[in-house]
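Engineer: Residues per chain, in single letters:
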Amino acid sequence: MTDTATQPDPHADELLPPRLARRLDRLDVISRKILSGKLQGERRSKKRGRSVEFADYRPYVHGDDLRFVDWNLYARLDRFFLKLFMEEEDLSVSILLDSTRSMDYGTPNKLWHAKQLAAAVGYAALAHSNRVHFYSLAGPRIEALAGLRGRRQVPRVLDFLRDIEPGPGQPLREACRSFTGSQPGKGVVILLSDLLDKGDLTVALTPLALDRYDVYVVHLLAPQETDPAIGELTGDVALVDLEDDDLAEITLTPGLIKRYKAGLESYRETLRLACVRRGMAYVFSETSMPVEDLVLRYFREWGVLGP
Amino acid sequence: MSFLTPIIALIAAGIAVPALIALYFLKRRRRRVPVGSTLLWSRALRDLRVNAPFQRLRRNLLLLMQLLVLIALLLAFARPVARGTARQGTRVVIVVDHSASMNATDTPPTRLDRAKQDALKLIDELGSGRAGRGAPSSAMVISFAHQARVVQPFTTDTALLRAAIASIPPTDQVSRFDQAVSLLDPFTKHASQTGDTAESMLVYVLSDGRFQNRTASTLTGADVSYTTVGEPTANNAGIVALSARHDPADPTRIHAFARVSNFSRNTLKTTLTVQRGDQTLRVLPVDLPAHTRTDDPAPSSSFQITLPLTEQTPLRLHLDHRDDLACDNTAHLMLSTPAQPRVALVSDGNPFLARALRTGADGAVVVVSPKEYREGTAELSDRDLLVFDGHSPGSTPGVDSVYFAAAPPIVGLRYVAQAGEDDAGAHAVLSWRHEHPLLRHVLLDNVLMIRPGRLSLPTHAQTLATTRTGPVIASIGDEGVQHILIAFDVRESNWPMQVGFPVFMSNVARYVGGRGSKPGVYYRPGQPASPPVSPVSRRVARYTGPGGITLESLDDTPGASSGRVTLPPFLRTGLYHSDEDVPDAWRLLAVNLVDEIESDLRPVRRLSLHSGAVEASVSTILGRTEVWRAFAFAALSLLMLEWWVYTRRAHL
Numbered sequence: 252m253t254d255t256a257t258q259p260d261p262h263a264d265e266l267l268p269p270r271l272a273r274r275l276d277r278l279d280v281i282s283r284k285i286l287s288g289k290l291q292g293e294r295r296s297k298k299r300g301r302s303v304e305f306a307d308y309r310p311y312v313h314g315d316d317l318r319f320v321d322w323n324l325y326a327r328l329d330r331f332f333l334k335l336f337m338e339e340e341d342l343s344v345s346i347l348l349d350s351t352r353s354m355d356y357g358t359p360n361k362l363w364h365a366k367q368l369a370a371a372v373g374y375a376a377l378a379h380s381n382r383v384h385f386y387s388l389a390g391p392r393i394e395a396l397a398g399l400r401g402r403r404q405v406p407r408v409l410d411f412l413r414d415i416e417p418g419p420g421q422p423l424r425e426a427c428r429s430f431t432g433s434q435p436g437k438g439v440v441i442l443l444s445d446l447l448d449k450g451d452l453t454v455a456l457t458p459l460a461l462d463r464y465d466v467y468v469v470h471l472l473a474p475q476e477t478d479p480a481i482g483e484l485t486g487d488v489a490l491v492d493l494e495d496d497d498l499a500e501i502t503l504t505p506g507l508i509k510r511y512k513a514g515l516e517s518y519r520e521t522l523r524l525a526c527v528r529r530g531m532a533y534v535f536s537e538t539s540m541p542v543e544d545l546v547l548r549y550f551r552e553w554g555v556l557g558p
Numbered sequence: 207m208s209f210l211t212p213i214i215a216l217i218a219a220g221i222a223v224p225a226l227i228a229l230y231f232l233k234r235r236r237r238r239v240p241v242g243s244t245l246l247w248s249r250a251l252r253d254l255r256v257n258a259p260f261q262r263l264r265r266n267l268l269l270l271m272q273l274l275v276l277i278a279l280l281l282a283f284a285r286p287v288a289r290g291t292a293r294q295g296t297r298v299v300i301v302v303d304h305s306a307s308m309n310a311t312d313t314p315p316t317r318l319d320r321a322k323q324d325a326l327k328l329i330d331e332l333g334s335g336r337a338g339r340g341a342p343s344s345a346m347v348i349s350f351a352h353q354a355r356v357v358q359p360f361t362t363d364t365a366l367l368r369a370a371i372a373s374i375p376p377t378d379q380v381s382r383f384d385q386a387v388s389l390l391d392p393f394t395k396h397a398s399q400t401g402d403t404a405e406s407m408l409v410y411v412l413s414d415g416r417f418q419n420r421t422a423s424t425l426t427g428a429d430v431s432y433t434t435v436g437e438p439t440a441n442n443a444g445i446v447a448l449s450a451r452h453d454p455a456d457p458t459r460i461h462a463f464a465r466v467s468n469f470s471r472n473t474l475k476t477t478l479t480v481q482r483g484d485q486t487l488r489v490l491p492v493d494l495p496a497h498t499r500t501d502d503p504a505p506s507s508s509f510q511i512t513l514p515l516t517e518q519t520p521l522r523l524h525l526d527h528r529d530d531l532a533c534d535n536t537a538h539l540m541l542s543t544p545a546q547p548r549v550a551l552v553s554d555g556n557p558f559l560a561r562a563l564r565t566g567a568d569g570a571v572v573v574v575s576p577k578e579y580r581e582g583t584a585e586l587s588d589r590d591l592l593v594f595d596g597h598s599p600g601s602t603p604g605v606d607s608v609y610f611a612a613a614p615p616i617v618g619l620r621y622v623a624q625a626g627e628d629d630a631g632a633h634a635v636l637s638w639r640h641e642h643p644l645l646r647h648v649l650l651d652n653v654l655m656i657r658p659g660r661l662s663l664p665t666h667a668q669t670l671a672t673t674r675t676g677p678v679i680a681s682i683g684d685e686g687v688q689h690i691l692i693a694f695d696v697r698e699s700n701w702p703m704q705v706g707f708p709v710f711m712s713n714v715a716r717y718v719g720g721r722g723s724k725p726g727v728y729y730r731p732g733q734p735a736s737p738p739v740s741p742v743s744r745r746v747a748r749y750t751g752p753g754g755i756t757l758e759s760l761d762d763t764p765g766a767s768s769g770r771v772t773l774p775p776f777l778r779t780g781l782y783h784s785d786e787d788v789p790d791a792w793r794l795l796a797v798n799l800v801d802e803i804e805s806d807l808r809p810v811r812r813l814s815l816h817s818g819a820v821e822a823s824v825s826t827i828l829g830r831t832e833v834w835r836a837f838a839f840a841a842l843s844l845l846m847l848e849w850w851v852y853t854r855r856a857h858l
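Residue numbers (this note's numbering), protein chains in the order written: chain A, 252 to 558; chain B, 207 to 858.
Treat the hints as calculated values from the structure; they're not laboratory data.
Everything numeric in this text was worked out from a predicted model, so none of it was measured.
Take these hints with a grain of salt, some might be off.
Pairwise CB distance ranges, derived in the manner of DEER restraints [what the hints assert, rightly or not]:
id, chain 1, residue 1, chain 2, residue 2, range
1, A, D495, B, I227, 31 to 41 Å
2, B, W850, A, A489, 23 to 33 Å
3, B, V239, A, E265, 23 to 33 Å
Ideal Cβ placement from N, Cα and C applies to all residues, glycine included.
Generate coordinates for the entire structure from the input sequences, incorporating the hints supplied.
Structural biologist: Here you go:
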């Protein structure tokens, strides 16, 4: 059942353009693993319950409800069988937004792009009565806006996302651990991050590699990070890491750019394999791609969203 | 390849190269750029360090290219010259120094022989066909010492050039390179003005650089190569100064002065022998330290020898020392007593003058009539002083002379006698020069004269006394001879009645007539001597010098009609004697080097020209071509390449 539509927030255009929102009404977050929710929602659950959709038969035993006996089958077989139906359940969708300082970089800005993605995915989930939780992975503790349900929560979501400021953050591994500790329930987890963590990311993602989570890792990078030649980097520069003020003195050369790109490809491949091995979906995107295209086309192709 | 101005280029490199490197690394203050993460950059850098040496090179490639540009420019600045064939039509000038120092034996047999060998090698290259394609190069030979001379004008005939080189004689003269430059100037200026490469000139200077005037010479329009001969360790000491003067208290005594210098790196322990004729008068010890610090003057010793003057005999000083240059070890000095002059009076009869002249004359005063003088019938060649009384000779005598109411035919001098009743009044002397030797102790304030003549004097004449009509007593020097002019007839004055008149004539005899005997006389090689000859009949003088050298004056020598002839410049040192009929004072002529610059045999390694100093090369190369343009082009190409590299987004 869909909730009644509420009046859109006039400021929502920044993060969630109305046109995109209208198109997202037809999409919902998809879980590759069908997970049981706590409430009855628009979700086909693997559990057999009380819905109108026939699922299976089982022999009648003393005490079963006679209303579910299939009398047609009795007439044919002269034996009593009980009908079983699919139970509809809601989906828990957790959106983890990396809002560390490294995300506040690039043109278009990675953090803003991630906020837009979070708003879009969150809207789709809220529009289909899923339970939606937002987590900002910055600061010593992760900030959360959890347990949202229904479209009327969209303004709160947008405010929350808009107010997120980049912060020093903790290592991704610690952030993921904190999340799993605060979100013991099952559900879809969508991680929006640049994954530029100087720790071992394969280890960082391990806390999310649980059966109860259906994880989508959305790897976001700015165009200047995928191809340094198009950025403002020329000649002899001292690169300053926004996270830890680390300094890397380089002289930009074709050889260095080539090695950087090769390193990036290798890094992405490592991440992809790590995700695959952990049963996670790995999605890569540049912030130069319009959010609308990314959400309506590529997220559908990659199975993050679907009708 | 060699370089014409390597020192300048090295100095420029010493300044420019460190400055470029310092600026480059100062420039490399890196721009700080924030990025999301240095994670991937650090990994890329780590991968790059596998090829660290090469990468370091690539990172500094801009600096390397800029250094290459700078090096190419500095090499062009050093004016490199490449050995190669001469350009078609190149003209070559071979300039050979044959001064005294070139007779040094430190480069056996002598430096001049070595220079001649180098010159012959140059001529060989000219003739071998290696010089030029098509039109052969022509060459000229110039020799220089005290003066410069074109020994062989431009020719392509190598036989003529060889003969010219062989004919260059050794001399004991000083070296004046400016004379050679003056000789070359018209040729080089033409080459400079035409700007045609076919007219370019190569000048090869073969010398030891011991020039009298070492200031920069101007030799534009020519490529100059300087080959020095001689060893810096040459061993030489010599007599570098010599003079004499009469003892003012005793005219029969003379003081001779000499200075000996040691230019060698060895100490000098020897003796200086002083001889007169066959008699050894003194043996003086000479003990001088080595000349180790070349910037300091050479160690020297001065000597004074006091001698009685008995006859006109040359004094000989000899350094008893064997070294690389012999001509400065011996010097001669002609000594003579201040003898009284032998006087001749050309007059129709003037007892005043005849009597007054006897006072200071040596022997009887010979009196000849103007007619006898004009016809040359009187023998006056032995006279030291001629006095003309009212008679102006047709030619200027070659000895000192005095003129009363007359004047010799000297340019700019005119005497006009007063005639008739013109200005018949008495004229007094208004002023006179008391301090002049001729007028010492002579009072002219009471001298009156009638009808003094008018003297028009040349600018170099000295007015000694004036009346209201102008100069009345004057002195003129002309070609080494002194002429005293008195513009009035003494018989038309009261002067002979005064004490001052015989005093004046005595002063004349001593000051003018006695000048022929100088206390100590010698000539230097390169200087001419002008011995007197009989004013009318004899016009040739011959002298024989050391080694049988013969010097003979020419009939058309300027001044032959004046009683003097000029000998060619002396080439060698020593004593020259004449058996011809010349005054005793001129029978023997002493010629000495006496020059510190020539005696100091250290070769000079640099030839100073206004266009830049030329360093001496150890070998002569014909047909050298300046190739600085190639280096300049290389610098420009490298600079353009560096621009292209720099303008790429990614710097190499």
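Engineer: None of the hints should be skipped; say for each whether it holds.
Structural biologist: A quick look at each hint next to the structure:
no. : hint                           : result
1   : D495(A) to I227(B): 31 to 41 Å : holds, 34 Å
2   : W850(B) to A489(A): 23 to 33 Å : holds, 26 Å
3   : V239(B) to E265(A): 23 to 33 Å : holds, 28 Å
Of the hints listed earlier, there is not a single one the structure fails to meet.
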